[in-house]
Structures are given as C-alpha cells and as structure tokens.
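Student: Sequence:
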Amino acid sequence: MSGGVGPTACDIALPKDQELDFKEQQDQPLKTSTNDHNLKNNDPSSTAPQQQQQLQLGFLSFNQLNSLAVVVVLSASGMVSPEDFAFVFFSFIYMHIISKVAFPSLHPSRDPPNAFNPQNRFLQLYVLIGATIGLFTPIAYILEGVFEGDKEGIKAAAPHVFLLASEVFMEGVASSQKFSAPVRAFMPAFYNARRIFTIVDWLRSEVHKVNSENGGSGWRVYVGRGLAIANMAFWCFNLFGFLLPVYLPKVLKAYYSGTKDKIQ
1 MSGGVGPTAC
11 DIALPKDQEL
21 DFKEQQDQPL
31 KTSTNDHNLK
41 NNDPSSTAPQ
51 QQQQLQLGFL
61 SFNQLNSLAV
71 VVVLSASGMV
81 SPEDFAFVFF
91 SFIYMHIISK
101 VAFPSLHPSR
111 DPPNAFNPQN
121 RFLQLYVLIG
131 ATIGLFTPIA
141 YILEGVFEGD
151 KEGIKAAAPH
161 VFLLASEVFM
171 EGVASSQKFS
181 APVRAFMPAF
191 YNARRIFTIV
201 DWLRSEVHKV
211 NSENGGSGWR
221 VYVGRGLAIA
231 NMAFWCFNLF
241 GFLLPVYLPK
251 VLKAYYSGTK
261 DKIQ
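Here full-length UniProt numbering is used: the first residue of the sequence shown is 1, the next is one more, and so on.
I should point out that these hints are in silico values taken from the structure, not numbers from a laboratory. If you're wondering where the values come from, they're calculated on a predicted model, not measured in any experiment. Think of the CB as a built atom: it goes at the ideal place given N, C-alpha and C, for glycine as much as any other residue. Careful, some of the hints might be misleading.
[Unchecked claim] Derived pair list, reagent style DSS-like, types lysine-lysine, alpha-carbon separation capped at 30 angstroms:
{"id": "1", "residue 1": "K100", "residue 2": "K151"}
{"id": "2", "residue 1": "K253", "residue 2": "K100"}
{"id": "3", "residue 1": "K209", "residue 2": "K155"}
[Said to hold, decoys possible] Label pairs and their computed distance ranges (CB to CB):
{"id": "4", "residue 1": "E148", "residue 2": "A189", "range": "33 to 43 angstroms"}
{"id": "5", "residue 1": "V207", "residue 2": "V173", "range": "31 to 41 angstroms"}
{"id": "6", "residue 1": "V73", "residue 2": "E148", "range": "16 to 26 angstroms"}
From just these sequences and the hints, can you work out the full model?
Tutor: Okay, structure coming up:
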C-alpha cells in the first residue's frame with residue numbers, strides 16, 4: 001500500500017496491470033462527478049437549506065425536549081388532573097381541525113412570516129421575563145417544596161407549569177408542521193386563557209395554607225403568594241394587553257391580506 005503518497009517499493013505490478021490501474025484512476029473522477037451531478041439533479045433535498053428544513057421537521061428542538069421532559073415528570077408525579085390532560089389532547093385535535101376548516105396554510109411549502117421581528121430586543125426581553133416568571137421560578141419553587149415537604153404548594157403550582165410546558169411544546173409542533181400563522185397564534189392565546197384559572201386556584205391555595213401541616217416553612221407562604229400574584233399579573237396582561245388586542249389582529253390582518261392576494 002502506498003498510504004496516499006504514491007508508489008512505494010511494496011507496490012509491485014506488471015506493466016499490463018499498471019495500464020489497467022491507470023485507466024481506472026482516470027475513469028474514477030469522471031464517474032464520481034457524473035454521479036454527483038445526477039444526484040444533485042434528481043435529489044430535491046441536496047441543497048443545504050432543504051437539508052436543514054428536513055432536520056427541523058424530523059427532530060424536536062431543544063426547547064421542545066426540555067418542555068416535554070417537564071410534562072413527563074409532572075405527569076408521572078400524579079399532580080396533574082385528568083382535566084388538564086384532556087385539555088392538552090383537545091388542543092392538539094382542535095389545532096388540526098381549524099387548520100383544515102378555518103385557517104388553511106396559504107403557502108404550505110414555506111414558513112408563514114413572523115408578526116414581529118424575532119431580533120427585537122424588547123420582544124426577547126419580554127419572552128425572557130415570561131419564561132422566568134412562568135416556568136423557571138415555579139420549577140425551582142416545586143423542587144424546593146419537595147425538600148420542605150410543601151405538598152399543597154407543589155400540587156397548586158404544578159398545573160400551571162404543566163400547561164405552560166405543554167404550550168411551549170405545542171407551539172413547536174405548530175411551527176414545525178407548517179401550520180398557518182393564525183393557528184400558530186391561536187396556541188398561546190388558547191393556553192394562556194386556560195392557565196389563568198389554574199393560577200387563580202394556585203393563589204387561593206397559597207392564601208389558605210397558613211396553618212397547614214403540609215404547607216412547608218413560613219417563608220414559602222410569602223414566596224408562593226408573591227409568585228402566584230406575579231404570574232397572575234403577567235399572564236393577564238399577556239392575554240388581555242398583548243395577545244388579544246395586538247398580536248392576533250396583526251396576524252389575522254396579514255393572513256387575510258394574503259388570502260385576497262391569492263384570490264386575485
């Protein structure tokens with residue numbers, strides 16, 4: 001063997017064999033270039049953007065995997081009611097129904113345009129605040145409650161965290177499967193409205209947890225109340241101050257404008 005540096009003393013061949021080897025070496029690049037050309041012409045997924053699109057359609061994103069892990073853990077703990085499970089299942093079915101009946105995708109081959117610029121600093125900060133108040137801090141509150149023995153606080157906060165993690169997962173599903181923009185905007189409004197009721201139950205539980213045996217330490221009462229009030233204030237504003245008056249009308253206007261252009 002030459003090791004890629006040309007003939008050596010061990011590469012002994014007859015003259016006729018050398019001619020055959022030379023012809024094979026000359027023909028190999030031509031065959032390779034021809035095969036590559038045919039593959040590029042016949043294979044629609046040969047370009048890099050299309051390969052990335054297939055990866056996005058075939059695999060879950062990092063945020064979806066984390067949200068799915070939270071959903072599985074809370075489901076296995078027995079702290080999620082059957083009504084919340086039914087709500088998530090219904091949202092999945094209903095999302096497909098309205099995508100076929102009310103808001104079909106105008107351009108199935110490409111993603112619908114975003115209502116807002118994803119690089120907007122204010123929007124990124126707003127999303128980060130929502131994730132911190134609604135997901136990260138309640139998860140830490142639940143984990144700390146396991147060590148404190150605060151069964152009531154954990155049980156009260158778990159439905160909200162479960163539904164928010166399910167919302168993140170379902171939004172990823174709606175984005176990856178090329179649903180129309182109104183369907184994708186429908187998911188956060190749908191889940192946000194449902195979670196307000198779970199936050200009300202959470203706040204009511206924290207208020208009546210003062211002298212309970214399974215209420216944990218005294219400081220958890222104040223932390224739990226403050227966390228429930230913060231989530232109530234943020235998600236009520238998110239629903240009634242952003243999603244319903246700003247986000248949904250903007251998405252629907254862009255969608256119906258595209259529908260008119262397509263008809264004309």
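Student: Now tell me if each hint is right for this structure.
Tutor: Now the hints, each set against the structure:
Taken as a hint, the K100 and K151 pair is broken in the structure, with Cα atoms around 43 angstroms apart against an allowance of 30 angstroms. As the CA atoms of K253 and K100 are separated by approximately 19 angstroms, the hinted pair is consistent with the 30 angstroms bound. Note on K209 and K155: the hinted pairing holds, with a Cα-Cα distance of about 12 angstroms set against a maximum of 30 angstroms. A hinted range of 33 to 43 angstroms for the beta carbons of E148 and A189 is consistent with their spacing of about 35 angstroms.
Our hint of 31 to 41 angstroms for V207 and V173 holds, since their Cβ atoms are close to 36 angstroms apart. Taking the beta carbon of each, V73 and E148 are about 18 angstroms apart, inside 16 to 26 angstroms as hinted.
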